[in-house]
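**Student:** Below are the chains, spelled out letter by letter.
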Amino acid sequence: MTWTIVVGVKQVPDADEVGIDPDTGRLDRASAPAVMNGPDQHALEAALTIRDQVGGELYAMSMGPPNATSILEEAVAMGCDDAVLISDRAFAGSDTWPTSLTLARAAEALEADVVLCGEETTDSSTGQVPPGIAAHNGWAQLTYAEAVDARPDEDRLVARRDVEGGHELVAADLPVVVAAAFGEFPPRPAPLHRKIYGENDFEPTVWDAEDLEIEDEVGLAVSPTSVGSMETVQPVERKSEVVDDVDDLAAAVEEVFA
Amino acid sequence: MTDAIDVDDYADVWVFVEEHAGEVMPVSWELLAEGAKLTEKTGDDLVALTIGEAVDDVAAEAIERGADRVLAADDPVFEPYRADPYGAQFRAMVEERNPSIVLIGGTHTGRDFAGRVAVPTHAGLTADVTEIDVDEEGILQARRPAFGGDLLATILCEDHRPQMATIRPGVFEAAGRDPDREGEIVDVDVVVDESDAISDVLERVVGDTADITEADRIVAVGHGIEGDLEPALKLADALDAELAASRAAVDEGWIDGSRQVGQTGKTVRPDLYVAVGISGAIQHVEGMNKSETVIAINDDPNAPIFEHADYAIVGDLFEVCPALADRLTDQRAMEVEP
Numbered sequence: 001m002t003w004t005i006v007v008g009v010k011q012v013p014d015a016d017e018v019g020i021d022p023d024t025g026r027l028d029r030a031s032a033p034a035v036m037n038g039p040d041q042h043a044l045e046a047a048l049t050i051r052d053q054v055g056g057e058l059y060a061m062s063m064g065p066p067n068a069t070s071i072l073e074e075a076v077a078m079g080c081d082d083a084v085l086i087s088d089r090a091f092a093g094s095d096t097w098p099t100s101l102t103l104a105r106a107a108e109a110l111e112a113d114v115v116l117c118g119e120e121t122t123d124s125s126t127g128q129v130p131p132g133i134a135a136h137n138g139w140a141q142l143t144y145a146e147a148v149d150a151r152p153d154e155d156r157l158v159a160r161r162d163v164e165g166g167h168e169l170v171a172a173d174l175p176v177v178v179a180a181a182f183g184e185f186p187p188r189p190a191p192l193h194r195k196i197y198g199e200n201d202f203e204p205t206v207w208d209a210e211d212l213e214i215e216d217e218v219g220l221a222v223s224p225t226s227v228g229s230m231e232t233v234q235p236v237e238r239k240s241e242v243v244d245d246v247d248d249l250a251a252a253v254e255e256v257f258a
Numbered sequence: 001m002t003d004a005i006d007v008d009d010y011a012d013v014w015v016f017v018e019e020h021a022g023e024v025m026p027v028s029w030e031l032l033a034e035g036a037k038l039t040e041k042t043g044d045d046l047v048a049l050t051i052g053e054a055v056d057d058v059a060a061e062a063i064e065r066g067a068d069r070v071l072a073a074d075d076p077v078f079e080p081y082r083a084d085p086y087g088a089q090f091r092a093m094v095e096e097r098n099p100s101i102v103l104i105g106g107t108h109t110g111r112d113f114a115g116r117v118a119v120p121t122h123a124g125l126t127a128d129v130t131e132i133d134v135d136e137e138g139i140l141q142a143r144r145p146a147f148g149g150d151l152l153a154t155i156l157c158e159d160h161r162p163q164m165a166t167i168r169p170g171v172f173e174a175a176g177r178d179p180d181r182e183g184e185i186v187d188v189d190v191v192v193d194e195s196d197a198i199s200d201v202l203e204r205v206v207g208d209t210a211d212i213t214e215a216d217r218i219v220a221v222g223h224g225i226e227g228d229l230e231p232a233l234k235l236a237d238a239l240d241a242e243l244a245a246s247r248a249a250v251d252e253g254w255i256d257g258s259r260q261v262g263q264t265g266k267t268v269r270p271d272l273y274v275a276v277g278i279s280g281a282i283q284h285v286e287g288m289n290k291s292e293t294v295i296a297i298n299d300d301p302n303a304p305i306f307e308h309a310d311y312a313i314v315g316d317l318f319e320v321c322p323a324l325a326d327r328l329t330d331q332r333a334m335e336v337e338p
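First to last, the sequence lines map onto chains A and B.
Residue numbers for the first sequence follow the working numbering, beginning at 1 and rising by one.
Residue numbers for the second sequence follow the working numbering, beginning at 1 and rising by one.
Pulled out of the complex, with its shape left as it was, chain A reads as follows:
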């Protein structure tokens, strides 16, 4: 039996290119180019690894604005068979609860056996969406996965999970949601012919909230959390004393322990 594998990818501002607005001192995200969330690239590689093991179809899905198509083209170039863009103004203001609901419904619609996601996104860093997808669907989950091993004969996926001070091997029944640990699945380069196909000929399927029958369950109104305020973090006051030689540094250390 082959598996249907779905990888969730998100478009984020390129963290390396985010500048600071000189007037407000705030991060200027608008000026940064939009790229695929780095951890999702590793999830995509993990998805390709599983497809290599068991065969089957690999879909990318992204919830985002129409221009998120570019990261789906990239996913297709890297090896996804097809991709779905989930886009609707109704999603605006969604926190992790409706976001994970949306992705959970899409994964169901795609009849996923395995859903892969990056462990978190570089723009919001909650890490809550992969377990949220699993929770909405009542599926198993494997977070902080450092290695994956498909066991199609058992209808299970085994992952090595990073835990504090060690690791564990966990087998999960299908369907399962996997959050791939960042850094553990360095993405393979996309072959040129796939890049050309992705950029020139590929168009993702587009679904809106109505297609997923969740019009009344997404957006700001159903999001349990909201952002109350934002403050600039004040840097911790430091002495900022530059010393010239090692003796002075040793004296400073001794001062700490005096």
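Careful: at least some of the hints might be erroneous.
[Stated by the list, open to error] Cross-link-like lysine to aspartate or glutamate pairs, in silico, DMTMM-like; alpha carbons within 25 Å at most:
(1) B:234 - A:247
(2) B:234 - A:244
(3) A:239 - B:180
(4) A:239 - B:271
(5) A:239 - B:150
(6) B:41 - B:180
(7) A:195 - A:82
(8) B:234 - B:216
(9) B:290 - B:214
(10) B:234 - A:245
(11) B:41 - B:173
To be clear, the hints were calculated from the coordinates, so they are not data collected in a lab.
With chain A fixed as given, assemble chain B onto it according to the hints.
**Tutor:** Chain B only, in chain A's frame:
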């Protein structure tokens, strides 16, 4: 659409006490201390939750460390940890008893199962929180770094309950023990059964990996070490310090991810933090800016780390580290001489 709830039906501050085979994660006691500050303001009870097998000692310790009451779910199905039985049990306890606030350690375990409680109860869940407070109406003010750490966002959950948060380990002081404290331990019904489990732990290997969040002294290495740990190890030895690293050094595979400091790693608060060959990206600084004294060694005079250091030396770490280690060893030798 979930029906609106009456937030007045919800009371008490819950703290999840995370244990694995009887070993309690230190963040649990940090959360009890913070939870106590919240209940002082709200007048609620501080309730600890223990989920595991034979967790009587853990429950008793939670009372000593500040809990008014402990809800204990004791069953072999909870050992070792799995997301599905933990999530289902925790959810059942929440639905039966209506807590107003639920605090969970932002460990891999806590961040793994918190969603399995928050999603079915339609609770507000805020991730990786570094500051908490509560207002006069009982609304939790959960603050977390945003956009790489330059901003602190306050996340609110006004119309849903419980107000849940995973809290970053190492940020708060742990609650102390008072053997004379008294409280109630309540055995709760276990609602999950092994036959319902959808996952299976085949193997669990947890070694004596150093917990850098508990270290008094840390020598942390960055990209500048170019894969050669020797100078930093020598310095760590001379200082009796734990070795830690920035994301760059972990990504290169030079050092284990369990020793990573920063937004995607751990928060540390040692007396002394020596940053060796670390440029000082904001994501890293966020994890070490609670250190008492920071020393930076870097050959780039423009490295941002210097803005976050008490003492800085512009120099080649391959020369500075061994020289500093020798100097400190000499000083110590002089001290012990009569």
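**Student:** What are the numbers of the hints the structure violates, in ascending order?
**Tutor:** 3
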